[in-house]
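The residues making up each chain are set out below.
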Amino acid sequence: MTRKTFYDETHTVFGHHENKLFQWIFSIDHKRIAFLYMIVMFAFFVVALGVALSMRLELFFPGEQLLTPDQFNQAFTLHGVIMVFLFIIPGIPAIFGNFLLPLLIGAKDVSFPRLNLFSWWLFLAGAIIAIVSLFVGDGFADTGWTFYAPYSVNTNTNVLMALTAAYILGMASILTGLNFVVTIHRLRAPGMDFFKMPLFVWGLYSTAWIQVLATPVVGITLILVIIEKTIGIGIFDPSKGGDPILYEHLFWIYSHPAVYLMILPAFGVVSEIVPTFCRRTIFGYRAIAISSAMISIIGYLVWGHHLFSSGMSEWAKVVFSFLTFFVSIPTGIKFFDWIATMYKGSIVMATPMLWVVGTIVTFAIGGLTGVVLATLGITIHLHDTYYVVAHFHYAMLGGVIFMMFAAMHYWFPKFFGKMYNETKAKFAFWTIFIGFNLLWFPMFIAGALGMPRRYFDYLPEFTIYHQISGVGAFVIIFGMLYMGYNLYKAISNGEPCGRNPWNATTLEWQIDSPPLLENFVNTPYIDFEPYDYKDGKPVHDLYDEIHKGR
Amino acid sequence: MEQHTNSGPEIIYDKAGNPHEVVDYNDDYTGAKLGFWFFLFTELLLFGGMFLVFSFYFYRFPENFVEASSTLNIVLGGTNTFILLVSTYFMGMSLINLKNGEISKARLKIIITILLSIAFLTVKYFEWMAEIHHGIYPDSDILNAKESGIILYFGLYFTMTGLHGVHIIIGIALMIWILILMSGKKVTPTNYVVLENVALYWDLVHLVWVFLFPLFYIIGLGK
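Chains X and P supply the protein sequences, listed in that same order.
Every letter in the first sequence is one number past the one before it in the numbering used here, and letter 516, counting from 1, is 516.
If you want the numbering used here, it's the position in the second sequence, counting the first as 1, plus 550.
In case anyone wonders, no lab produced these hints; they're calculated from the structure.
Computed, partial: chain P to chain X, Cβ under 10 Å:
1. PHE597
2. GLY699
3. PHE704
In the PhoX-like style, the derived pairs of lysine-lysine whose C-alpha atoms are separated by at most 25 Å in a straight line are:
4. LYS418(X) - LYS489(X)
5. LYS696(P) - LYS229(X)
6. LYS418(X) - LYS4(X)
7. LYS735(P) - LYS655(P)
8. LYS196(X) - LYS565(P)
9. LYS196(X) - LYS548(X)
10. LYS583(P) - LYS736(P)
11. LYS655(P) - LYS736(P)
12. LYS583(P) - LYS655(P)
13. LYS649(P) - LYS736(P)
14. LYS344(X) - LYS537(X)
15. LYS565(P) - LYS537(X)
16. LYS565(P) - LYS534(X)
17. LYS548(X) - LYS565(P)
18. LYS196(X) - LYS537(X)
Computed from a predicted model, the values in this text were never measured in an experiment.
All C-beta atoms, glycine included, are put in the ideal place defined by N, C-alpha and C.
Isolated chain P, as found in the complex (with noise of 0.2 Å):
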């Protein structure tokens, strides 16, 4: 049978006789980032659609995108977009830290994160929760009596920060298999490309809210 041990890559030769390395199947960190990268551009495109969306009505409804944009509150807004930024830094900083052998450094940095993202659905929730006060959301009484664009911007600003805010809880449960994977010793200081991806997974996730913050908040600055 096959005489496959762990001692090293399996390694073939030519007609020439230089040697050639072949690829592990089961170990190949250029095929996991390659993947994932894959994978973030399919969210790109799930978030792309969106956008299709959001920009066509806004071409059409200009005016009342800007009307119902300067009623949210764009100091919870703008705290949410810094909460997310800073979370980020932590992110970065504890796959350093992990490369760098210091586990328990890098294990507070994602608690932090975890924290942080905490933070940032919390905002989130009251923010939702004074709309739904004034009784705006999709298919209130109050929100049909208004024009189109106004209905039609609530929507798609409940759905696209309802997507955001699925993808954030998302990376929080992914936060938390990484400490159980690190306890675990699966993820180590030299196997460390779950940790990688995540992060990457998380840096897509506040680069959409990087522009989501703008269209939805900006758009209705100093109305």
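Okay, chain X solo, but in the shape it has when bound (with noise of 0.2 Å):
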């Protein structure tokens, strides 16, 4: 009997389609959707990566090379606004957390898959707002990606439709994230209690909060600032009594979470990676679960740390200051765990072991000057150079991005039953790791030695470590490709690897892969741990039980 996958048949908003591609775009199939968020998000990220190369051979040089001053102010922006809107924050939660939640959970599906759907729409319709932006009236916003008033309430560039398009992509995300909640509220199997639930779920879950919670705040913030543009109500214009500061602590109210939002879920994928190729239960389960709990929490608590500079009471420093840090506990705890886990295990350095190993290491950097940057007297020195642009990059690109090529590595055969080449993979991960740390350390010591960020040129005394992180860019951007090639020869040329290639004991791999349109024939009853390893093989495999009367 051939086994229909849900690459075969699919449930759509409209009822049947005999068109291949509006079965796609309107199907409510919460596998086929994170595809679509996929193939959007990846184009964007080429996109995003071509933006970076170019500011950085303008960087290359002193002076002025490929960009005037206007269009590498422009450049940034764009930079910032796809990487972080169309990319890091949707990022894992669309693309591995809808296809995975449900598989993960034994549930056949999210709770509102037409919402499901319609957040992809939002979304793209997002997407297409920053793109046209692009090529109308005076182009793209210069304002950065955080959109500082009063300066974007003045300048003549696009800021509205950015604006309109960070709105609507917030809006996406919010519905996401209700989603997920209710999701994981209501659509548990049978026995499965939170602390049964995978480590993925629980990242998902705090995401989902967080994404529920704050993105409404910079949604208002967006709004106001639109209406300031376009009518003129005065509450972030100096010159009506109103105050731009105020417009700081608004966008940050939501901005930071949103920078535990993103890297919540990519927890959680180190969470599932590291068991299975250690082939062990993970050390300090409930500590892991809970601290992401936690970080979402504080992470709420902290966004005055990028006020530091703009004029804040001294008090109101002291407190921020020391919520900065204490972040950095539970953040510590599952790091601590992680590597509990690894302690003794036989482990298996398969390629997404080896991205989550890299990635401790690069996002530990990113995390530590972190603390640095929370401390008082020193953020004043680093506050607005390089060194600040390395820490972010560490810990969004070294952490946040390289966990989500973990995840698509690990849950590659997952996706198309199929396995990629090993060798290439790690080759690929060797490449993007040096260029990498090629291209963002010196920037730590350029920024501690005051070259500013945001500057189209520099003194001549930075040219060193500009052309340093020039050819780390060009080493990181080929290993990149080099790895989208291999993974997309695999799509068609890939060996067929069966269900569970990892010898991994979560619910998704207990079925067959690709997975079937509703995933679970019978539901299964959950009625132990996630993580149960016996001589390094799965404990439970309930493929027979869940496939029965097929």
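Dock chain to chain to rebuild the complex, using the hints, since each chain is given by itself in its own frame.
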């Protein structure tokens, strides 16, 4: 009997379509929606990489090369807006969360499949508005991705369209978060209580709460800038008594939790990969689960550290500085738990594990330099320098995106039922890892020596750092293209690998790869913890039970 | 293939043989309610951001805010508060009627709610027009010549009541949609969660106004 997977049949929102394209873009199947997100997001990722590379080329020599100063301002805004709003924030939840959340908890779909598709359409609309604003009027916004007032109110570039795009993307994010929270509360397989959920689900759960709770605040803030810009109500305009610092507060009340919104699902990915490749249950399951929730709670209360040099009372600074230090504790707990899991485990260094180990190094650097930046005295010197740029790229690229690459390699066999070329994947990892450090590490030094961020030019003494960075940029982009090529080839030419090539324990590996349309023929009863290994083999295999009677 | 029929929920058994019901994701009343409560939460935060801005500037310019507030017409504002209050009564009653199977009564009460919301918007329109005729609207020369607190008060007044008005308009659209669903037998005495959620939404819209009214109208009372 031939097996019909979700590639062969689907549910759509308007009934049946003959057209294959319509069967995808109107599909309400969570797995297909994950692919829709993946296609749009990676298209934008490539655009943002190109923009970044053009900035690095501009900075290869002092003086003006490739971009005018105004174009440079637009370039870093475009890079930031795409990477933050269109790639990293939706990233892991929209692709891997959508595909895997129902599989991990034993559900047939998310709670609101139609809303899920609607979120993707909103996402697409926001993306299109952002792109259109490149080509009309005075071009893309030149404010930086933070849209700080009063400059964003006064500039003639297309800030309005960029704000509208960000608002719509925010709505898409809220609806996805809402969908996930309800799904996790309602659709877990019978018997699976919260502490029997895989840790990726815990990561998605904490993330979804942040999406629901923090995004509306930035939504109203962006609307206020839009209103300010169109009819001039004055709330961010000092000449009318308004206060631009208020904008910064409102903006970061969302956008700092957004940082944890990016990283928490990535931590969840690590917590899946580490036990699988150490062949043992994870150390400190509850500590990891609860630290996710802790991070999302404390993460709300630290936004003020973005305003240390904007004007703020000394007491407020001390409190925000303390809370910022404090947030590193639950993060540290996770790191120690992962390392404790690896300790004396028989580690299989397959590509996903390699990515995780590499990321632990780079993210540790990104995280610890964050602690340096939270120190009140030092931050005055380092504020708005390349040190900050290097810090958050170590955390975002070296943390979130690297873990997303780990997830891509880990769940690739689940998506396609095939395996990529392991040697080439490892080569891509090493290229990216070396290029990454070459690209960003010199910036710590340049920043500490006083190289300011967002400048299109620099003093000759900084040339060497920019040139090392420039070389690193080429290496990392080559590595990413090579990795993409390797994975793309494997979609058609990869070796079929069966349903569970990693010997993993969680529920998604106990069904066929690629999964059926509604995932589970029979819903399993879950009365065990997610990472049970015995003698290097998974203890539970429910395949026969799940597929009984098919 | 899957033996899925609509005869009842999927039941599975644990090792001890106890039955457990699997939640049907296509028909989950609790899930629909839970999701809508989360949505209301986001609305609360959306307005919460505005109230935060209001309280910040009210704290900074208390005298100006009181002075500006005393120029608003509290009778019209009070009338609108009353209209919304009555409309939530009819909204709630329509839900009770529907649950009791009295579909035509439920439909009538939704129509009354729509008419009351239109009345609210009409009163609001005349209030706004009165201000605009006095030359008081954002970025007007007359307003910009006044003190900072007054500029900000009216800026926030038009923004917040405007945003609230947008929510009223969305509410009217939702109620018309419900009437269509009821005609098509999509919303019935046994499947009323959509109406229940819209009624919740209407309560939120009404509650926001209950806070807007004292903040914009009553603070200037007796001045």
